[in-house]
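Chain by chain, the residues run as shown.
There are 2 protein chains.
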Amino acid sequence: MAALSEVSSNRSFGGYQKVFSHDSKELRCKMKFAVYLPPQVEDGKLPVIYWLSGLECTEQNFIMKSGVQRYASEHGIIIVAPDTSPRGCNIPGEDDSYDFGTGAGFYLDAIKEPWSENYRMFSYITKELPEVINSNFATVEESQSIMGHSMGGHGALICVLKNPGKYRSVSTFSAICNPSIGAWGQKAFSGYLGPAESASWADWDATELVKKYSGPPLEILLDQGKADPRLETDLFPENFVNACKESEIPVILHMRDGYDHSYYYIASFIEEHIKHHAKYLKA
Amino acid sequence: MAALSEVSSNRSFGGYQKVFSHDSKELRCKMKFAVYLPPQVEDGKLPVIYWLSGLECTEQNFIMKSGVQRYASEHGIIIVAPDTSPRGCNIPGEDDSYDFGTGAGFYLDAIKEPWSENYRMFSYITKELPEVINSNFATVEESQSIMGHSMGGHGALICVLKNPGKYRSVSTFSAICNPSIGAWGQKAFSGYLGPAESASWADWDATELVKKYSGPPLEILLDQGKADPRLETDLFPENFVNACKESEIPVILHMRDGYDHSYYYIASFIEEHIKHHAKYLKA
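So the protein lines, in turn, are chains W and X. Residues in the first sequence are numbered from 0 upward in steps of one, following numbering that gives the first Met the number 0. Residues in the second sequence are numbered from 0 upward in steps of one, following numbering that gives the first Met the number 0.
Simulated from the structure, these hints should not be mistaken for laboratory data. We treat Cβ as the ideally placed atom computed from N, Cα and C, and that holds for glycine. Don't take each hint at face value.
As the list claims (entries may be wrong) - Which residues of chain X face chain W? A partial, calculated answer using Cβ under 10 angstroms: (1) Ala2; (2) Gln16; (3) Ala226; (4) Tyr263.
What the hints assert, rightly or not - Capping the alpha-carbon separation at 27 angstroms, the derived lysine-lysine pairs in DSSO-like fashion look like this: (5) Lys274/W <-> Lys225/X; (6) Lys225/X <-> Lys225/W; (7) Lys225/X <-> Lys64/W; (8) Lys274/W <-> Lys24/X; (9) Lys225/W <-> Lys244/W; (10) Lys64/X <-> Lys64/W; (11) Lys274/X <-> Lys64/W; (12) Lys17/X <-> Lys17/W; (13) Lys64/X <-> Lys17/X; (14) Lys17/W <-> Lys225/X; (15) Lys225/W <-> Lys17/X.
Bound conformation, chain W alone (with noise of 0.2 angstroms):
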């Protein structure tokens, strides 16, 4: 296990919200990820919830602009908030868009070349990083759940349908519910999969993967807002409903009047999503 090192320690809400660096072995990199450690790791192990985020993001955005730190402090949970795709690979064209390459790793494994060597977050996020997660803080390592906004919403969703048992809960914010018709999906999906005549964009697209799901029973809770701009274009989350309830695996979508897709959204709701995942990893 390579070592980390700590890039920050800030003092919040009785805990500490720290941010370490380390040499990824998945991503071929060095990769920063952020931990928000509560009060309560001076009496004991935690659960831990992974949050994974959207679009441009790095491992800051949510834990400068969530507020998740007060609820996470309240009920004595570890926060771990990745960064979203390996970084300075020296791929040609992995800075030409904001919604490939760097920024928009999309959480997969990618197959095609020269994506291959570097891009595996879903490796990196459902087994390096618990390990580095698991031996270097004080976790209950079988009590984690996964949550996501946007193009994380969709990784939350994939890393617990194609890992049956390992998170004991999962919820999104704005999800990219079923990435083969929307246009960040289809955009990621041909660049790291190739074309959609391939039948491997079926094995990443929650949609398609909740039709198939057989493991321990499940509550999803996705929560959208309604005047979400991509919700038309990209998000669909009643295909992803429907395709639960043809699976009869049980799905709460919170309808949000007003709101949109941007961390004031989020933050508006991050306590009932933090309470849900309470309820399943103390149980």
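Following the hints, complete the assembly by docking chain X onto the known chain W.
Relative to chain W, chain X alone:
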């Protein structure tokens, strides 16, 4: 009254976080300010808290990072967060340093050329901006308070001490309490006011002003992190507290173990401050 232009509007905690721009007469430039309108604005007039940010900030930092909207929504208070200086005035040197000129207006009215024409943040904050707010939003005009961080804590204190009765309450985080003897304050006062010998410094230094204060009773709330790297070189809360005691002005100083100068610290205690102000605003 010049018209306001809406720059952005995001639903937040049942209300709206908005940003507007307008042409400022005092500052002779276009200025932005943020205003949070809690859901209670639909039912009648509300009190207002003005927030003054620190060095390098714009109208964005507080509204993105403090989490104040939750508490403003709970208490039914409008929050106004202006920018920290004039911008784009084409004054030679205005962008040369982080702690003077752009982003560093210090909430005073400059008397030294070439700054004196535009750098009139004191008049902007205490006169022009309240007129703009009161004529465009449903406010209780006589019910306003003020607070701020670092340079903005200095600003909040001088706005109250130089305008007895204008504000119901004042609170600060990491305030520059005695700028005449600190590095940040001396640089700003020298540049905007002239040499220390000119005697004008005392007119803008809270620790000097409080010694002469005569007006309605005040209970000043200061908040300070013990791990603030600027505590010993720039802030001097104990000087201000001692001056208050000599003048028999009630003051509360919360010293917070382990907290620094960041918004992680502010977010951890903003709820306490909003409660403090609500007590006076609704009395």
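Taking the least C-beta to C-beta distance, is Ala226/X closer than 10 angstroms to chain W?
-> Where the cut-off is 10 angstroms and the nearest Cβ of chain W is about 7 angstroms from Ala226/X, the hint holds.
Agreement of Lys64/X and Lys64/W with the hint, judged by alpha carbon distance not exceeding 27 angstroms | Holds: Lys64/X and Lys64/W sit about 5 angstroms apart, inside 27 angstroms.
Can we keep the Ala2/X interface hint, with Cβ of chain W closer than 10 angstroms?
-> violated, 25 angstroms
Taking only the CA atoms, is the gap from Lys225/W to Lys17/X under or equal to 27 angstroms?
-> holds, 18 angstroms
Holds or violated: Tyr263/X as interface residue toward chain W, Cβ cutoff 10 angstroms?
-> holds, 4 angstroms
Does the CB of Gln16/X sit less than 10 angstroms away from some CB of chain W?
-> holds, 5 angstroms
Pair hint Lys225/X and Lys64/W, alpha-carbon separation not exceeding 27 angstroms | holds, 24 angstroms
Is Lys225/W close enough to Lys244/W, meaning Cα to Cα at most 27 angstroms?
-> Since the Cα atoms of Lys225/W and Lys244/W sit roughly 21 angstroms apart, the hinted pair holds (cutoff 27 angstroms).
Is it true that the CA of Lys225/X sits at most 27 angstroms from the CA of Lys225/W?
-> violated, 44 angstroms
Keeping to a limit of 27 angstroms between CA atoms, is the pair of Lys17/W and Lys225/X held or broken?
-> holds, 18 angstroms
Taking 27 angstroms as the top limit, are the C-alpha atoms of Lys17/X and Lys17/W close enough?
-> violated, 30 angstroms
Given the hint that Lys64/X pairs with Lys17/X, test it: the Cα-Cα distance must not exceed 27 angstroms.
-> holds, 15 angstroms
Of the numbered hints stated above, those contradicted by the structure are hints 1, 5, 6, 8 and 12, listed in ascending order.
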